[in-house]
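My request is simple: use the sequences and hints to build the entire structure.
The opening position of the first sequence corresponds to residue 1 in our numbering, with each subsequent residue numbered one higher.
Please keep in mind that the hints were generated in silico from the structure rather than gathered at the bench.
Some hints could be false.
Distance condition first, Cα-Cα at most 20 angstroms in a straight line; then the derived PhoX-like pairs of lysine-lysine [as the list claims (entries may be wrong)]:
hint : residue 1 : residue 2
1    : Lys509    : Lys344
2    : Lys157    : Lys343
3    : Lys113    : Lys61
4    : Lys61     : Lys146
5    : Lys152    : Lys111
6    : Lys146    : Lys113
7    : Lys247    : Lys296
8    : Lys111    : Lys339
9    : Lys100    : Lys244
Cβ pair distances, simulated, as ranges [to be verified]:
hint : residue 1 : residue 2 : range
10   : Thr454    : Ile139    : 20 to 28 angstroms
11   : Asp405    : Asp71     : 16 to 24 angstroms
12   : Glu487    : Ala251    : 41 to 49 angstroms
13   : Lys244    : Leu196    : 15 to 23 angstroms
14   : Lys344    : Glu311    : 33 to 41 angstroms
15   : Ile139    : Lys339    : 26 to 34 angstroms
16   : Lys201    : Ala251    : 19 to 27 angstroms
17   : Thr454    : Gln258    : 17 to 25 angstroms
18   : Lys465    : Thr488    : 18 to 26 angstroms
19   : Asp405    : Thr59     : 37 to 45 angstroms
20   : Lys113    : Glu192    : 15 to 23 angstroms
21   : Gln258    : Asn287    : 17 to 25 angstroms
22   : Arg172    : Leu150    : 27 to 35 angstroms
All C-beta atoms, glycine included, are put in the ideal place defined by N, C-alpha and C.
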Amino acid sequence: MFLQTSTRFGIRDTIEGNQYNLTTRSRSLSVTNTKSPIIVWLRRDLRLTDNPSLHFATTEKRPIVLAYIHDDSDTAWQIGAASCWWLHHSLGALTASVEKASGHLCLLRGKTKNVLEALIKETGADTIAWNRRYEPAAIESDSNLKRHLLKKGIDVKSFAGNLCHEPWQVQRAGKHPYKVFTAYWRASLKTESLALTRSVKKLDQCISLPDHETSLEELALLPTIAWAEAFPRNWQPGEAGAKKNLKTLLATTLSDYQTARDLPSVQGTSRLSPHLAFGEISPRYINATVRDALLKKKIADDDNTETFLREIGWREFAHHLIYHFPHTTDKPLDQRFEKFPWKKIKPETLSRWQQGDTGIPLVDAGMRQLWQTGWMHNRVRMVVGSLLVKNLGYHWREGAEWFWDTLVDADLASNSMGWQWVAGSGADAAPYFRVFNPVRQGERFDPEGTYVRTWVPEIAKLGKKRIHAPWTATEAELSEAGIVLGETYPEPIVELSGSRIAALERFEKIKQPK
DNA sequence: TGAAATGTTGGGGCG
DNA sequence: ACGCCCCAACATTTC
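In C-alpha cells:
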C-alpha cells in the first residue's frame, strides 16, 4: 500500500505508519502517523466555507481522505446531463481551491459502497464524515451504508450541511408537517438557524491514493455532443463563482429585486440556484451575508431583501417537503390527482415543447434559453410548465424529467415541488384554475419583447404589439418582419383559449373535497 | 406566483 | 340644460 500527496506540492516523505505506509507533507507527519485517517465524503457540498463535515475533520488533527465518488450506477433521478457539465467544472474548481489550501481532493469512480470499503481497507480509516442529503434515494442509501459501516466498526458522522433548518426542526409538535409555505415560513423564522461553521483554510493533512484515483476527464462528465458550448459564457461553477453572484446581488440586483426578478430580459435574479444545488455555497452563508450587509446598512431592510430571503425559504420548504413526503418526486401529494386524466403523449408534440418550437414566443424563448444556457428564468418556468400541464394536458413528470436533464440547477426537492405546484397537485399549489396565458404573461413581464427577441430571433423584427402572438399579426406586418407562419416560425402548437377551457373542465372533475 | 367575465363608474358626445 | 348612450378604466367575481 502506498499513499502519497499530490506531487504538485513537492515534499514527499515515506514513513512507516502503524498499519500502512503513508506519504504526506512532512510537517504533519508527527501528528498523523499515529492516527487513523478520517474520510470526508463530499457530495452536494462542494465548498470549503461552512462545510460542517469537512470542518469537523480538520479539527481532528489526523490524516484526511477528501473524496468525491462518481457513482454512475443506474438509479431513479440519476444526475442529468446539464448537471454533469456543472459537476465537471465544480469539481475542477474545488480541486484547485483544495490544492491552494495545501490539500488534495481524491476523485473516485465506482459503486459508492465498494469504493468506500476499498478506501477504508487501503487507508485504515476508522471514521467517515458526510453532510446529510434529504432526497428519498439518498436517505435510503445513506442509512444502509451507515448501518453497514457501523457494523464493521467504522465511526460514521453525519452533519447538517445544506439547510438552515433540518426538515424535522420546523414542525408543530405532534402534528402533520407543514404543507403551506407561509405557515412553514413563519415557523422557520421563529426557529433558530443552524450555525455557520468556520471556513476551512488549511488542508495539509490530506492524503492521496494514486492507485485508486481517476482524473476529472476520466469521469466523462462532459457531453459528447457540442451542446454545452454556450454554458461557460453564463456560468462560473464553483465556490468563487457562487460568492461572486452573491456579491453582485448585494451590490446591485437586490435594490430592485422584487420587480426585476419577474422580468426575464433583465438580470434581476440572484443566479445562485446551481451553486446552491451543488452546495458550492450554503444557505446559511447567504443568510449570514445578507444579515451582515443589513447591519452595515449596505442594503435596505425592505421588501426586496425580504422577498429574496423568502426565496431561500422556498428552497428550505422544498427540502422539508421531500423529506416528509418522499413519494412526491413521482406521485402527487394531493391524492385526488392519482387518477387525473393526463393526456397520452404525442412524441412529436412533446419534442416541440422541449426544443422550443411551439409557435408561442415566450414558451419557445424559455425552452431555448434552457437548452442553450442550462437555465431558465423562473417566471418563464411557470409559463412553460403551465402550457405543458394545462394547455397540452401532459403529466407534470414529463416536464420534471426534461428539466432534470437540462437544468444546471436541477435539484430534486425544488424540481418536484415546482412541477407539482404548476400542476396543482402539490403543496401550496396553484389553484387548478390558474392557467397562465403566455401572451398575457409576455405583455406583462416582457413588454418590449426583448427576451423573446433574444431567444427567438426569427421573429425579432415584429413590433412589440405582435411579438408575443405572431398569429394575430396582419399579412403586412408578417411580411415586413420577414415571417411566413408555418414556415419560418410555426403556427401555435395549441389554441390557447380553447385548451384553457378544456383544461378547466378536466380539473373541475377532480376538485371535490379531499 | 392568473385570466376572463361581469359589474360599476364617470366623462364626453350628441340629440 | 338635460338625459341618454357609449366606452374606457377600474373593481369584483368566477373558474
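Now for the hints, and whether the structure bears them out:
In summary, the hint linking lysine 509 to lysine 344 is supported, as the alpha carbons are separated by about 18 angstroms, within the 20 angstroms threshold. With a C-alpha separation of about 47 angstroms, the suggested pair lysine 157 and lysine 343 falls outside the 20 angstroms cut-off, and the hint is violated. Among the hinted pairs, lysine 113 with lysine 61 is inconsistent with the structure: their alpha-carbon atoms are about 26 angstroms apart, more than 20 angstroms. As the CA atoms of lysine 61 and lysine 146 are separated by approximately 23 angstroms, the hinted pair breaks the 20 angstroms bound.
Pair hint lysine 152 plus lysine 111 holds up; C-alpha atoms about 18 angstroms apart against a cutoff of 20 angstroms. Taking the CA atoms of lysine 146 and lysine 113, the gap is about 10 angstroms. The hint holds against a cut of 20 angstroms. The straight-line distance between the Cα atoms of lysine 247 and lysine 296 is roughly 14 angstroms, inside the 20 angstroms bound, and the hint therefore holds. For the hint linking lysine 111 to lysine 339, the alpha-carbon distance of about 37 angstroms lies beyond 20 angstroms, and the restraint is violated.
For the proposed pair lysine 100 and lysine 244, the alpha carbon gap of about 19 angstroms is at most 20 angstroms, so the pair holds. A hinted range of 20 to 28 angstroms is violated for the C-beta pair threonine 454 and isoleucine 139, which are about 41 angstroms apart. Look at aspartate 405 against aspartate 71: about 18 angstroms separates their beta carbons, and that is inside 16 to 24 angstroms. Taking the beta carbon of each, glutamate 487 and alanine 251 are about 46 angstroms apart, inside 41 to 49 angstroms as hinted.
For the pair lysine 244 and leucine 196, the supplied restraint of 15 to 23 angstroms holds, since their beta-carbon distance comes to about 19 angstroms. Judged by the Cβ atoms, the range 33 to 41 angstroms given for lysine 344 and glutamate 311 holds: they are separated by roughly 36 angstroms. Between isoleucine 139 and lysine 339 the C-beta distance comes to about 28 angstroms, which sits within the given range of 26 to 34 angstroms. A hinted range of 19 to 27 angstroms for the beta carbons of lysine 201 and alanine 251 is consistent with their spacing of about 25 angstroms.
Take threonine 454 and glutamine 258: their Cβ atoms lie about 23 angstroms apart, and the range 17 to 25 angstroms holds. Distance hint check: the CB atoms of lysine 465 and threonine 488 are about 19 angstroms apart, consistent with the given range 18 to 26 angstroms. The supplied range of 37 to 45 angstroms is met by aspartate 405 and threonine 59, whose beta-carbon atoms lie about 39 angstroms from each other. A hinted range of 15 to 23 angstroms for the beta carbons of lysine 113 and glutamate 192 is inconsistent with their spacing of about 36 angstroms.
At about 18 angstroms, the beta-carbon gap between glutamine 258 and asparagine 287 stays in the expected band of 17 to 25 angstroms. Evaluation of the 27 to 35 angstroms hint for arginine 172 and leucine 150 yields a pass: the beta carbon distance comes to about 32 angstroms.
Of the numbered hints stated above, those contradicted by the structure are hints 2, 3, 4, 8, 10 and 20, listed in ascending order.
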